[in-house]
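Enquirer: Residues per chain are reported as follows:
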Amino acid sequence: MKNLKIVKALTILFVGIVGLLIVSCEKDLNEPVPVAYIPANLDLNAGTWKTYILGTSTEVPVSEPKATNSVEYAAEIVKLKTVLANLTPEQKKTAAFWGAGAVYRWNELAREMAARYNQPPASNLEGKYPVPDAANPLADPRFPFANPPYVARALAYLSVAQYDALVSTWAYKNKYNRQGPSKVDASITTLLPVTALPTYPSEDAVVAAASYAVLIAMFPGEIPFLDSKLAEAKNARYYAGMNVESDIIAGDALGKAVAAKVMARAKTDGMAAANNQTLTAGFIEAAKARGIKDVWVSQETPIRPPMLPNYGAVATWNFDKATMGQIRPAIPYIVGSTEWQKDFDELSKINGKQTREQARIANYWADGPGTYTPPGHWHRTAANAALEAKFSEVRMARTMALLGTAEMDAGIACWETKFYYYTPRPQQFGLKTSIGLPNFPSYTSGHSTFSAAAATVLGYIFPEKASIFNEQATESSNSRVYGLIHYRVDCSMGLVHGKKIGEYAIERGKSDGSNLQ
Amino acid sequence: MKLFTKYAIVLMICISSVAMAQMPHDAIYMPKKAFCFALSANQSEWTEYWENKLKRENLNIGKLTTQSAMVMVAAGITDNLNLIVGLPYVKTKTSAGNLMGQKGIQDLSGWLKYKMLDKSGLTIHGVLGASVPLGNYVPDFLPMSIGLQAKTVSGRVIGNYHHKSGVYLQAHASYIYRSTITIDKDSYLSNNKVYNTNVVAIPNATDTRAAVGYYKKGVQFEVFAESFTCVGGDNIRRNDMPFPTNAMNSKMIGAYAKYQPKNWGLNAKIGNCYEGQNVGNSTIYSVGILYQIKSKNQVFK
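Protein chains in written order, with the working numbering: chain A, 1 to 517; chain B, 1 to 301.
One chain only, chain A, in its complex shape (with noise of 0.2 Å):
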């Protein structure tokens, strides 16, 4: 019968296509792979760059190590050569992935731990919303609430760490000049391209500790995953034939003892009393005081208490507090105004009819809960661009930190204008968003401030894509508005506010000693 033959074929068809459904499950996310280079220049006299927390590079003291012919060197060759002897494909592929640079891993890494952590608690039974606790980290609200300030500062601190341990580093290697294993035993191959940088200590050993020591403060709950990721990073060294044991101790050692003195300065630097929300009451006065007529309300149910509003009295990096106060944006258009009116005209006109690509852009940068937020997004930009400079270990750790140090500078101004003039959202004329609404003061805009910052900063480092820099600035700007959260008075006082900000980490870095841009 022709039908059954029909109904056969089409059964077996059918059948082979539902198999090929379930098991074609992999799917490509076409995630970039960083890949190890030799640097475009290993910066040997970075020893003598100037230091953000170390009083001399060679504060923390590094003792001289076993000349390479000594028994004891020989003895950390033969084991060495045991680890390479035996290497699994698992362990080749972590030598390449911590390969790709230790400062470039150890800032992707901070900004993972942000986006697990950036979410704001939520409200309990009696409608109030618990501080998350640092010695509580895992409970709920979970410590911390990495939102862009805390992310600013975290990234500070640990690209800081990073930097002065590596300028350290830097000045050991040149006083010891002890060359790697692979160059003081030809039968040792190596994962990684060999320069003639000197292997004592390990620069990498060196970021993997400072980054530990500040990672583990800034983010106490995941001090387990961070544990492992320090011995990965170790270990890395090790499988890919590039350092013996004593570099690695002697370079664990530094990082941890410089990163020490960075984080004292963390823990006076004033962000334990970001969160003082008793202070609110005379913000909002002296807010009114100075003409403000509508001010800030959380528009969020229950009513939540801003996001840090003394973070603007803590500690800034490249400028000081009177500074800060000449460089503060004039007060914004009042409520009610012909100039309000036009900028609010603007976003009620959105609120209608929002483009495609207007919510596109404001998508893009929204960089809201469960992402590392504008200061991160920022850091990976800059580290991108150092990676495809080919920066030396050294030379990335001085353009993250520049551009660490200006994003929370720039966290901090800005925060201390949000609070100092406390102007209310565009939702409380009535108002939806397409991204979200921060629940803290709308003048001015974090991300406009953050990103021309930031721009400043890499436009100096980077000078042949300072335009590109400045375009995505501008964006990141624009998309504040386009997503309705703020005015156009907002972001572009921010822009200007941020980019004198960068200025500041400029100078520091046309004064560091590098001589580089």
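No wet-lab data here; the hints were simulated from the structure.
Ideal Cβ positions, reconstructed from N, Cα and C, are used throughout, including at glycine.
Using C-beta positions, here's what the derived DEER-type ranges look like:
hint, chain 1, residue 1, chain 2, residue 2, range
1, B, Leu108, A, Asn86, 47 to 57 Å
2, B, Asp79, A, Pro89, 56 to 66 Å
3, B, Val85, A, Thr338, 46 to 56 Å
4, B, Val85, A, Leu138, 46 to 56 Å
Given chain A, work out where chain B should sit, using these hints.
Expert: This is chain B only, laid out in the frame that chain A set:
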């Protein structure tokens, strides 16, 4: 239809099928050269949802309502092979908070339904489905987004026993492959990992359903239970919004009725998502009008 809306319409919602005369999940066929047109209005609403497994409300959303209007066409290629095509326009809104409602044309879906076995009232059917997004809507502004932007391909087997009294028993199982999607962001968190890409993997899914009903002389009534389960996927984090990678699992019970004595017909459906994960605790309603163009010599089954 259920399959389509399950993956596609706003994810916090256990929306179910739009009522239709012959649907991708039933055992009813258009005769050869006959067509059925349907227009349905659908609504889904919830005030509570499952954040992972935690059932909660959100005072900054209040009640989330998803409305859609859908056109469908079913065509009899042969008496045992039907093509069904559908396209909805979807709109979302909240009753509280300040999240902007979304609206637009969603995904075009098509199914081929084939009767593989027909013996003494027992029938076995195979259904191949596919869908492709037509609208350029934002897929990751959940729960406001109107869909996920994934392309899908699905396979389903339906078993049906229809007694001559009109009573029938029916069950089906499906596997749904869902493509990756591209979002506006170039980084996102999923399963505690940051992905530095704008490509997002949407988990595949399975779908099962059982129904008991009566169908005779243009009158149909049934009660059903259905389950939609993702293969893999992550969960909404504490106090976070949903994301397309979430395992949006739901179990629903409901009832469906149709009256189509001749060319014109009406149908209606109600359902409730009584158990879920990363979805809304939703109630769905839908009503539709049907119009069938018969070929000569064909009568309603």
